[in-house]
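Just so we're aligned, residue 188 is where the sequence shown starts under my numbering, counting upward by one.
In short, the hints are calculated from the structure, not lab data.
Only a predicted model underlies this, so the values are computations on that prediction, with no experimental measurement involved.
Wrong hints could be hidden among the right ones.
Claimed, not checked - The calculated label-pair distances, taken between Cβ atoms and stated as ranges, are: (1) Y266 x D205: 32 to 40 Å; (2) K270 x G195: 35 to 43 Å; (3) G307 x E243: 32 to 40 Å; (4) L246 x K271: 19 to 27 Å; (5) I299 x Y266: 18 to 26 Å.
For each residue, glycine too, the CB sits at the ideal point set by N, CA and C.
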Amino acid sequence: MMILLDTGILITYFREVDKSSTLLYKLAATHDLAISAITAFEFRVGFRDQEDSFLEEMLSMMQLLPFDENCVSKSVEVYQNLKKRSKLIPMQDIFIASTALAYHIPIATLNINHFQRIEGIDLWQTS
188 MMILLDTGIL
198 ITYFREVDKS
208 STLLYKLAAT
218 HDLAISAITA
228 FEFRVGFRDQ
238 EDSFLEEMLS
248 MMQLLPFDEN
258 CVSKSVEVYQ
268 NLKKRSKLIP
278 MQDIFIASTA
288 LAYHIPIATL
298 NINHFQRIEG
308 IDLWQTS
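All chains should be modelled from the sequences, with the hints used to inform the complete structure.
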């Protein structure tokens, strides 16, 4: 089963000294992992040059899902639904969630508060 990882999952893995205690490490043992193009962008922007090899090694463990026309359509739907209910979240979270919706896969996130507002999203139980 494939699971889409939110940016926070990657950041926690990067920062944690004991990698085996992270959700990314645990999920990688039993699932196929994917990230959206948006997550790849967010994560790469936060890296310094000397960390490039670690970044590339880490990202090579995951499938990169493109942000295509279907993702764009889902993003518009999600944005309009959240706005109508006065429950908007950051645009990058809308894009990442829309990727999960477009590819029909669950998303693992540490930011449950934002993602649970999105109708139809399949949140991976992180606890």
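Hint check results:
no., hint, in the structure
1, Y266 x D205: 32 to 40 Å, "38 Å, holds"
2, K270 x G195: 35 to 43 Å, "23 Å, violated"
3, G307 x E243: 32 to 40 Å, "33 Å, holds"
4, L246 x K271: 19 to 27 Å, "36 Å, violated"
5, I299 x Y266: 18 to 26 Å, "19 Å, holds"
Going through the hint list in order, the structure does not satisfy hints 2 and 4.
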